[in-house]
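Engineer: Chains A and B supply the protein sequences, listed in that same order. Residues 1 to 187 in the working numbering are what the first sequence spells out, letter by letter. Residues 1001 to 1577 in the working numbering are what the second sequence spells out, letter by letter.
It is worth saying that the hints were derived from the structure and are not from the lab. Note that the coordinates shown come from a computational prediction; the quantities given were computed from them, not determined experimentally. The beta carbon of each residue, even a glycine, is placed where N, CA and C say it ideally should be. One thing to keep in mind: the hints can contain errors.
[What the hints assert, rightly or not] Partial pick of chain A residues on the chain B-facing surface, computed with a CB cut under 8 Å:
no., residue
1, Asn18
2, Gly21
3, Ala24
4, Lys25
5, Ser28
6, Ile30
7, Leu64
8, Glu65
9, Asp76
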Amino acid sequence: MTDPKHYRKHTLSVLVENHQGVLAKIASLIAAKGYNIDSLSVAETLDPSISRMTMSVRGDEWVLEQVVKQFHRLIDVIKVMDLTDEAHVGRELIFIRVNAEPANRAEILRIVEIFRGRVVDVTPTSYTLEITGEESKTQAVLELLQPFGIQEIVRSGKLAIARGSKTVPKREEGKLRLASRKQAVGE
Amino acid sequence: MRITGSEVFMKCLQAEGVHTVFGHPGGAILHGYDVLLDYPIKHILVRHEQVAVHAVEGYYKASGKTGTAIVTSGPGATNTVTGLTDALMDSMAIVVFTGQVPTAVMGCDAFQEADVVGTTRTCTKHNFLALKTEELPRIVKEAYYIARSGRPGPVLVDLPKDIIMGRAEFKGYPADVYIRGYNPSVNGHPGQIKKAAELIASARRPVIYGGGGIIHADASAELTELVNLTQIPTTLTLMGLGGLDTSHPLWLGMLGMHGTYAANMCMIHTDLMIAVGSRFDDRVTGKLSEFAKNCKIIHIDIDPTSIRKNVHVDVPIVGDVKRVLAQLNLELRKIARDWRQDLEEWYGQIAEWQRTHPLRYQQSPEGAIKPQFAIEQIFKVTEEHDPIFSTGVGQHQMWAAQYYRGHHPRRWITSGGLGTMGFGFPAALGAQAAFPDKLVIDIDGDGSFQMTMQDLITCAQYNLPVKVFIMNNRYLGMVRQWQELFYGRRYSQVDLEVHPDFVKLAEACGCVGLRAERPGDVKPIIEKAISTPGPVVVDVVCEREENCFPIVPAGAAIREIIDVGEPVPEKLFQGWR
Chain A
1 MTDPKHYRKH TLSVLVENHQ GVLAKIASLI AAKGYNIDSL SVAETLDPSI
51 SRMTMSVRGD EWVLEQVVKQ FHRLIDVIKV MDLTDEAHVG RELIFIRVNA
101 EPANRAEILR IVEIFRGRVV DVTPTSYTLE ITGEESKTQA VLELLQPFGI
151 QEIVRSGKLA IARGSKTVPK REEGKLRLAS RKQAVGE
Chain B
1001 MRITGSEVFM KCLQAEGVHT VFGHPGGAIL HGYDVLLDYP IKHILVRHEQ
1051 VAVHAVEGYY KASGKTGTAI VTSGPGATNT VTGLTDALMD SMAIVVFTGQ
1101 VPTAVMGCDA FQEADVVGTT RTCTKHNFLA LKTEELPRIV KEAYYIARSG
1151 RPGPVLVDLP KDIIMGRAEF KGYPADVYIR GYNPSVNGHP GQIKKAAELI
1201 ASARRPVIYG GGGIIHADAS AELTELVNLT QIPTTLTLMG LGGLDTSHPL
1251 WLGMLGMHGT YAANMCMIHT DLMIAVGSRF DDRVTGKLSE FAKNCKIIHI
1301 DIDPTSIRKN VHVDVPIVGD VKRVLAQLNL ELRKIARDWR QDLEEWYGQI
1351 AEWQRTHPLR YQQSPEGAIK PQFAIEQIFK VTEEHDPIFS TGVGQHQMWA
1401 AQYYRGHHPR RWITSGGLGT MGFGFPAALG AQAAFPDKLV IDIDGDGSFQ
1451 MTMQDLITCA QYNLPVKVFI MNNRYLGMVR QWQELFYGRR YSQVDLEVHP
1501 DFVKLAEACG CVGLRAERPG DVKPIIEKAI STPGPVVVDV VCEREENCFP
1551 IVPAGAAIRE IIDVGEPVPE KLFQGWR
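So here's chain B without its partners, still in its complex pose (with noise of 0.2 Å):
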């Protein structure tokens, strides 16, 4: 029997376990919309389609089920740009449809028209045009087997008009996959693993430097067991933060440009750095040609681009982080060493470090709320729930990042690469689709909930009972603390004076809204917030100057690190003096 085009994508949709998609309707995806009533696919509405990319995002990072979007052409497939930029960075598996004008009309100016294979090339893993009904069934599965095989990333459908009402034989969907110019590797090299264990086997003074590879591969547990095997000590990027549990003896805390000091110092001081599932990213690596020059590198990634990328490695690993360091563990308990005897020297290195420079601020209890101090206040109360916790971008996030406690994978998610604001609050909704009754908190900055906020009407109406935390400081925080920190304090464009009445603003959109003034505000307001039905929002309004410590400036050193009450050296100094 012939069906539309929309009939056929919407059978590939269910053969392919789409239970949850979001997306925003118009005219050259319409009747999509009109064939989807009759399928029980759950879609929610967004009230703008950067929100629906995220949102996906979101969903794939808790759930590690492929996200899908659907948008209409031209102006709602533009705006799904930054989502999915952020997802090609941050290594998401999304696929996102967009609408398209017929066929007949492409390249002619259409309405709504907008070269979106051309638009999203360079910001996607893959795209697709289809250009035949008949092809739909094998687009479809090629772009969900493309976005979460190999490196994840976000892949792109264009559907005609034309397309998606035409009729075709639907010989139901494809049960393989064949793409030739596609094979990525899975596991690693035997020989390489071998060397890699050798060199771990001698090294004195280790660190392993883990990612969000080891998120994606669902790699925790291999890495937790490395970590044990071998008692190395262990940092992980923003991106692979849950990687290995917080509360673990040999966790380091993050590290980069606003890691811990003894993250930070161990990359420095180290002889043998173990990358996994990680790419040497320039807020890791600080200035390229002071880093790691003493130590020997092996580096384990899926992806054979970011291999040699950016740093000289003695042994890179291609393959699935999961299945390597399976591999290389079974290899490392073939080897008979007193681990915790030789690394003794290092361990008393790293808590000397430890000691000297922990994290740290100071609470009055009389003064204004400190986010440092709200931030672990969230972390502390909510323990005992598991919570999923998304975060916008700016200084809330590096301290949530710092206070970070949670014991399994998939329960943080952040924009990294891209530094998305506005990424926090739809990623919320997205996890929170995922796991309806699980508690998803989005601790985010009021410059950054001020990008999406308008989907708060979303959560209103489908329920999503998500918990906003929003670290109100009435600045864009983080561009204020380098014009402070390189500019001389002259601030441009960073004070946000007028602010909406978030409580009042919440209420309006059918949320609650609460609000925190006081340190001793925080424990009972975060208490009341999740013990709230539906989706909350909280404003927590917090000391307007404080900077986020340690920091590593852009461009200079990892040795050049700034610790809290330190000064900034003059030559940092980017202005006009």
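Same shape as in the complex, but just chain A (with noise of 0.2 Å):
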């Protein structure tokens, strides 16, 4: 039924119960169901019993269509978000360890500025870089450097928020609260 001819990146945003183990849970269905996650950044939320990750997943919809529901099916997932067609600012962070000697420095430093970054430390024969944007805007940071020399990259992978004034957590706790009181089956 996939093809991947229609893959695309998404990006899912899944809130947790933040105990031990639930990473792990996380980790073992994807790897068990074999799905390609480009990237995967995990931390508390405002409510210290939840935690957010956030990830990017390549697949079709009937990929992500899996995917979201197998994620659901973890008792300790409490809601899962594709925020890939929906209004929302996703960002990346990322540290470049570039070669900066002294013919290049005023160049990597114009590079730096044109994309808003910052120089976080600075050795006699090189610049550690910061840059925060969307993908395609740290991609192309990459590829300027990279006649320079590249000697080292960290990055955060993607994080995305909905744009406009709903805040999951709120909003949320206030169905799953509702939810709570539904008898299953067999009770």
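Using the hints, put the two chains back together into the complex; each one sits in its own frame.
Structural biologist: In structure tokens, the structure reads:
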């Protein structure tokens, strides 16, 4: 049923219980089902009992439907949102350690300025740069710096937040309280 | 008052209504077993932990009540992995409690330590590691709730030694469960149900394809009503057997790899497939790209992940099968249609398939016993007792499924998804523990039975009067059949040349052993077995090289089904030729 021609990158925002073993459950599921995860970032939300995982997944609509359903199947997963076709802001943070010979220093700084980045560390032969932006932007910076010789990069993976005034945790809380009153089968 | 974790645990089991548990003690769970002595919970001591898990699966499937097993850490826990995987595949509501080394030494390769929560992560519906004694009531409550609600499944609770020995205030067993990430849908979407009813009303060649979900949801009355209302021919999967009375005139028999010819043909020629609590397993669909190409599909299932996992669905309905069928029946009753007349042509076609390709075998009076004959006799002779049947895995299982006759759900227990050899006997043990006065029969194979036969002793110890019928052909029959059909008859490691004497083995274990060697023995031996009190093992010495037909070869399309006497196409040959 799956068709690699229609593969594209999706951004999923997943709210999970913030306790031990949950990341392992998510990771096992991804491995067992063979999903293509490009990046994954995890941190606590405003509510310390909930963590948010933001991940980039490649696949067509069918693959994504399965990914979302399979995540939902995990008891510790509270909510899965596919932000790809929703209005959202997406950013990635990237550290780049690049060769900075005296002759190139000015040029590198110009690039950093154009992309509104910062130099966070300097040695006689290198700069460490911090760039934040959408993936197309970070990619462009990497390409421009390539000729100088990139020594190392560290990237956060994509983070994303939906645009507008709705805040997911609050909205979910109300819904969840309601849902908990529903009696399940066999009760 | 502060009480120990083990006492909290036992009080929770009591509050949960657990009367019978299966298990095996060991170091890390010793304290729990010590406290168990003071509680009126019946414990059945098995001889291998795998048996405990299959037994509670049988207990669940027969009774509908969540099964409970208790084992120790390390090897005790790892021995449950096969059973847990089996339960996950077949949606069996069971809870397994495992001992664990003290939290202080976890991760240090302590004696009998295994990372059980890690090991069982992918073979449980959910698992817990208890890290505080105070949390035990909530964890036990959630474990049982998760196991039996939604799509049922196995849940494991890992209990470190210091947590069950530690003390905590016991404030009672929680009345409610609050799990924010888990709220299974129950009712079907009314709009979808309407759409489904419209499709059903306009179909000319419809077929109902039901699965294990019907049994788990106790929906066989609703299914029967649907069938009676719409007069649609119905087939069930291996897991769904018993969902419709096999004497129902619209019963087509099982479908799938070894299903009846007519049921499989219906799946090819239908214009509307109504899938109810089934999951389009590869043993049912055959080659996916050729499956259901010319029909619409309605799929009712409680598990959203089952829907559109393997095949495209026109009308998906997520919900509890019992409720959705009730809603659907309500909608269908509003439709004025002469169902029988509209389906007349379809019935004619089906009758033709049934006439030209019935299930068949030939038993000569002087020849060796045909396993199909023995199995059919077992069903016939015991029918009036309304027995519970379990099976192992292999040829005997498929024959039993083909010739199955039963009038009620929860009388058929078998390992479908995982195909676990050795499942039948322990499952029968569990069913018998749930219904001590009922006739429980395990139809087994000699290969399957030998995987878990050590627990005959358990049967004798607790006087669980299970009747075991071994279809003994001294082969791993199904593997041999594949080697014959698809590997040019090159038999590799399937000849069980040396067998225990099953009659003496039964006697050595405190059971009664019987043997049938000629066709004429079969009926009287069955009668003798069921009238003998206590556990009985019957060695039915069968024709060695009988094959199970029809067969849809693995990976082939359903239309490539091979019936008795038909040649195997060259392209299906998988060996060296």
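Engineer: Evaluate each hint against the coordinates.
Structural biologist: Against the structure, the hints come out as follows:
no., hint, verdict
1, Asn18, "violated (12 Å)"
2, Gly21, "holds (6 Å)"
3, Ala24, "holds (7 Å)"
4, Lys25, "holds (6 Å)"
5, Ser28, "holds (5 Å)"
6, Ile30, "violated (11 Å)"
7, Leu64, "violated (12 Å)"
8, Glu65, "holds (6 Å)"
9, Asp76, "holds (6 Å)"
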